[in-house]
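Enquirer: Following the hints, complete the assembly by docking chain B onto the known chain A.
Protein chains: 2
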Amino acid sequence: MREFRRDPVIGRWVIISSERAKRPFAFSKYEREKNNIEECPFCWGNEKFTPPEIVSYRQQGTQKDTPGWWIRVIPNKYPALRIEGEVIRQAEGIYDKITGIGAHEVIIETQHHDKDIYELELQYVEDIFKIYRDRILDLKRDIRFEYILIFKNCGYQAGATLSHPHSQLIAMPMVPVRIKQEIFGALKYYEYKERCVFCDIINYELQQGSRVVIENNDFVAICPYASRFPFEVWVLPKRHDPIYEDIHSDELKNLATIMQIINKKLNLALDNPPYNYLLHTSPLKELNLKHYHWHFEIIPKLSGVGGFEWGTGFYINPVPPEEAAKFLIEV
Amino acid sequence: MREFRRDPVIGRWVIISSERAKRPFAFSKYEREKNNIEECPFCWGNEKFTPPEIVSYRQQGTQKDTPGWWIRVIPNKYPALRIEGEVIRQAEGIYDKITGIGAHEVIIETQHHDKDIYELELQYVEDIFKIYRDRILDLKRDIRFEYILIFKNCGYQAGATLSHPHSQLIAMPMVPVRIKQEIFGALKYYEYKERCVFCDIINYELQQGSRVVIENNDFVAICPYASRFPFEVWVLPKRHDPIYEDIHSDELKNLATIMQIINKKLNLALDNPPYNYLLHTSPLKELNLKHYHWHFEIIPKLSGVGGFEWGTGFYINPVPPEEAAKFLIEV
Numbered sequence: 046m047r048e049f050r051r052d053p054v055i056g057r058w059v060i061i062s063s064e065r066a067k068r069p070f071a072f073s074k075y076e077r078e079k080n081n082i083e084e085c086p087f088c089w090g091n092e093k094f095t096p097p098e099i100v101s102y103r104q105q106g107t108q109k110d111t112p113g114w115w116i117r118v119i120p121n122k123y124p125a126l127r128i129e130g131e132v133i134r135q136a137e138g139i140y141d142k143i144t145g146i147g148a149h150e151v152i153i154e155t156q157h158h159d160k161d162i163y164e165l166e167l168q169y170v171e172d173i174f175k176i177y178r179d180r181i182l183d184l185k186r187d188i189r190f191e192y193i194l195i196f197k198n199c200g201y202q203a204g205a206t207l208s209h210p211h212s213q214l215i216a217m218p219m220v221p222v223r224i225k226q227e228i229f230g231a232l233k234y235y236e237y238k239e240r241c242v243f244c245d246i247i248n249y250e251l252q253q254g255s256r257v258v259i260e261n262n263d264f265v266a267i268c269p270y271a272s273r274f275p276f277e278v279w280v281l282p283k284r285h286d287p288i289y290e291d292i293h294s295d296e297l298k299n300l301a302t303i304m305q306i307i308n309k310k311l312n313l314a315l316d317n318p319p320y321n322y323l324l325h326t327s328p329l330k331e332l333n334l335k336h337y338h339w340h341f342e343i344i345p346k347l348s349g350v351g352g353f354e355w356g357t358g359f360y361i362n363p364v365p366p367e368e369a370a371k372f373l374i375e376v
Numbered sequence: 046m047r048e049f050r051r052d053p054v055i056g057r058w059v060i061i062s063s064e065r066a067k068r069p070f071a072f073s074k075y076e077r078e079k080n081n082i083e084e085c086p087f088c089w090g091n092e093k094f095t096p097p098e099i100v101s102y103r104q105q106g107t108q109k110d111t112p113g114w115w116i117r118v119i120p121n122k123y124p125a126l127r128i129e130g131e132v133i134r135q136a137e138g139i140y141d142k143i144t145g146i147g148a149h150e151v152i153i154e155t156q157h158h159d160k161d162i163y164e165l166e167l168q169y170v171e172d173i174f175k176i177y178r179d180r181i182l183d184l185k186r187d188i189r190f191e192y193i194l195i196f197k198n199c200g201y202q203a204g205a206t207l208s209h210p211h212s213q214l215i216a217m218p219m220v221p222v223r224i225k226q227e228i229f230g231a232l233k234y235y236e237y238k239e240r241c242v243f244c245d246i247i248n249y250e251l252q253q254g255s256r257v258v259i260e261n262n263d264f265v266a267i268c269p270y271a272s273r274f275p276f277e278v279w280v281l282p283k284r285h286d287p288i289y290e291d292i293h294s295d296e297l298k299n300l301a302t303i304m305q306i307i308n309k310k311l312n313l314a315l316d317n318p319p320y321n322y323l324l325h326t327s328p329l330k331e332l333n334l335k336h337y338h339w340h341f342e343i344i345p346k347l348s349g350v351g352g353f354e355w356g357t358g359f360y361i362n363p364v365p366p367e368e369a370a371k372f373l374i375e376v
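Which chain is which? The protein sequence lines are A and B, in order.
Per the numbering used here, the first sequence starts with residue 46, numbered consecutively.
Per the numbering used here, the second sequence starts with residue 46, numbered consecutively.
Just chain A, same shape as in the assembly (with noise of 0.2 Å):
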């Protein structure tokens, strides 16, 4: 079973994939993620443990599916939904469904087994952030999709079941109700002020100053003013603009930059914490929300945290984002 559903008093879809329960792993115990090179699907010379490559950079001269890649895009071997077929929405009773139809991506970042972005070199940190906006601009021409979430789950404890540096991609025929409600809050700072309120943010941020771990030419990460979490990051464009594949050529660069700091100060404050981060971008067919602006939010996922916040929305985060933000400046 693959299905959307949509819960009836919140209207929050939820993906229904018996499929990935199938995953090595699925609801073990003990396990933590696989860790061995010989057996990581994810390194060169394994190509053939997983699906055939969507997509990858690699050395001129080499064949798809073998070494020689830098980044490799394949399909989820477990999907949570299946690209094939049409989008039917119905109903269940007095409840709503929608077929699973979708893409699941890994995008694999990194030949290398075991190096955190902030261990790449440049160059290649940005074809990662590059082959994001790739990906997107190639799967928005698929009618069926509304959105795409794109996100990286670092560490058992985040999520992750292999431990070699990877995001994931998913394409889905709606938008997600917290992305929606970003958009609804925005829009009414909007009516109210007429001016975005993320750009509100980064001026106020730039100005007052406690909260800014650190800014380039294109980009501000800050430690947010009601961070949900301890040691919270946002990184922001400061162009406004509310489509991630809008991005520049040359901010890439700065963008990689910015993020590639941002985990080296996270791993060395946090003791390579697990950790989450979610892109923020438009709705495919939304054009020109002006009260929108797309953003990363990275999340470390720290022991004795999260466990009511989990399933409650409701947050107590206990290192204030000026403590967090000046202990990441200075480390």
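Be careful, since some hints might not be right.
To be verified - Just some of the chain A residues that point at chain B, by a computed CB distance under 10 Å: (1) Ala125; (2) Glu227; (3) Asn362.
Unchecked claim - Estimated spans, in silico, between C-beta atoms of each pair: (4) B:Arg240 <-> A:Leu332: 35 to 45 Å; (5) B:Leu251 <-> A:Glu64: 24 to 34 Å; (6) A:Ser255 <-> B:Val376: 51 to 61 Å; (7) B:Met46 <-> A:Arg186: 45 to 55 Å; (8) A:Arg134 <-> B:Gln252: 19 to 29 Å; (9) B:Leu167 <-> A:Lys93: 55 to 65 Å; (10) A:Gly130 <-> B:Glu239: 31 to 41 Å; (11) A:Gly254 <-> B:Arg134: 16 to 26 Å.
Unchecked claim - Computed footprint of chain A on chain B, listed as stretches where at least three residues anywhere in the stretch have a Cβ under 8 Å from a Cβ of chain A: (12) 47–53; (13) 222–231; (14) 242–254; (15) 264–274; (16) 364–374.
The hints are simulated quantities; they were obtained by calculation from the structure and are not laboratory data.
From the three backbone atoms N, C-alpha and C, an ideal C-beta is built for every residue, glycine too.
Expert: Leaving out everything else, chain B in the frame of chain A:
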């Protein structure tokens, strides 16, 4: 520092409480919850290790803050909020904050260090749900408070730092955004259908059958149609009521019974998983939300689930609720 801060985009209030970072184990990477009876501050004989009790159910003739109780309510030793002071709403630059005023209490559910609720005699479980009601009725007389959250973290992975069974209560001067969204969604449904969405869910589920785990005269336990997590269970009262503390005394027994059975089934099915539950009830100053319906949401925390979901509000659930319900019925 203890304050509420409002996310300017989503409108989510977050508690920033640096006092909480002083707890033992706050960010330790490998520690598990304290599990030593001699040192357990929630055991009989160790009452001196906690702040003085607020209220308790105890054997006649025994003294406050001494053994003899079977339920004991105390202020949290590391409170996220403080009870004394004025609720002051202020701007901070472009942002909004409120002083961190509120009650943060611990409900020690039993004198037994390692009995989960299914292992207690029914009358003692009934008293847990009775004392929730008592505490709400007491605290709602304080006009500073707008909402009371009651929740339980059981197990380290679910956020508990002490293993002795306890739940928590937080009274606060605003309504959490998740509750607001739920009430808003239920209102939209009501406006369209002129019926309570939760009553519709109960009626439909009882008629359809495949997601009902158990019911009795007053309550029904279901695996919700759009379950975010494997084995998520909601317990709803059949009698429409938006307000938990309106529960009739003769309903408490059936609530205790159904919560105990669900607890036993989840422990059997999933090998004593960490779990959270959360009471969803009306804001204190909303006296008649005819479109809302109080209930409990119970979420077992299984490994291999919940990394990505944690920070994003987007959910992939590998276990269809019909399968979860079937398994829980049979176990």
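Enquirer: For every hint, state whether the structure bears it out.
Expert: Consistency of the hints with the structure:
Restraint check, Ala125 of chain A versus chain B: the minimum CB separation of about 5 Å is within 10 Å; hint holds. With a least beta-carbon distance of about 5 Å to chain B, the hint placing Glu227 of chain A at the interface is held under the 10 Å criterion. Annotation: interface hint on Asn362 of chain A holds; nearest CB of chain B at approximately 5 Å, less than 10 Å. Checked against the given bound of 35 to 45 Å, the beta carbons of Arg240 of chain B and Leu332 of chain A, roughly 38 Å apart, stay inside it.
Checked against the given bound of 24 to 34 Å, the beta carbons of Leu251 of chain B and Glu64 of chain A, roughly 30 Å apart, stay inside it. A hinted range of 51 to 61 Å holds for the C-beta pair Ser255 of chain A and Val376 of chain B, which are about 53 Å apart. Our hint of 45 to 55 Å for Met46 of chain B and Arg186 of chain A holds, since their Cβ atoms are close to 49 Å apart. Taken as a hint, the range 19 to 29 Å holds for the pair Arg134 of chain A and Gln252 of chain B, whose Cβ atoms sit roughly 23 Å apart.
The beta-carbon spacing between Leu167 of chain B and Lys93 of chain A, approximately 58 Å, falls within the hinted interval of 55 to 65 Å. Between Gly130 of chain A and Glu239 of chain B, the C-beta spacing of about 37 Å keeps the proposed range 31 to 41 Å intact. In this structure the hint that Gly254 of chain A and Arg134 of chain B lie 16 to 26 Å apart at CB holds, the actual value being about 25 Å. Coverage of the segment 47–53 of chain B by chain A holds. Counting CB-CB distances below 8 Å, 4 residues qualify, and the rule asks for three or more.
Remark: the segment 222–231 of chain B is confirmed as covered by chain A, as 6 of its residues place a Cβ nearer than 8 Å to a Cβ of that chain, reaching the required three. Counting residues of the segment 242–254 of chain B whose C-beta sits closer than 8 Å to any C-beta of chain A gives 6, which meets the bar of three, so the coverage hint holds. Here the segment 264–274 of chain B counts 6 residues with a CB under 8 Å from a CB of chain A, which clears the bar of 3, and the coverage holds. For the segment 364–374 of chain B, the stated coverage by chain A is satisfied: 4 residues place a CB nearer than 8 Å to a CB of that chain, which reaches the threshold of 3.
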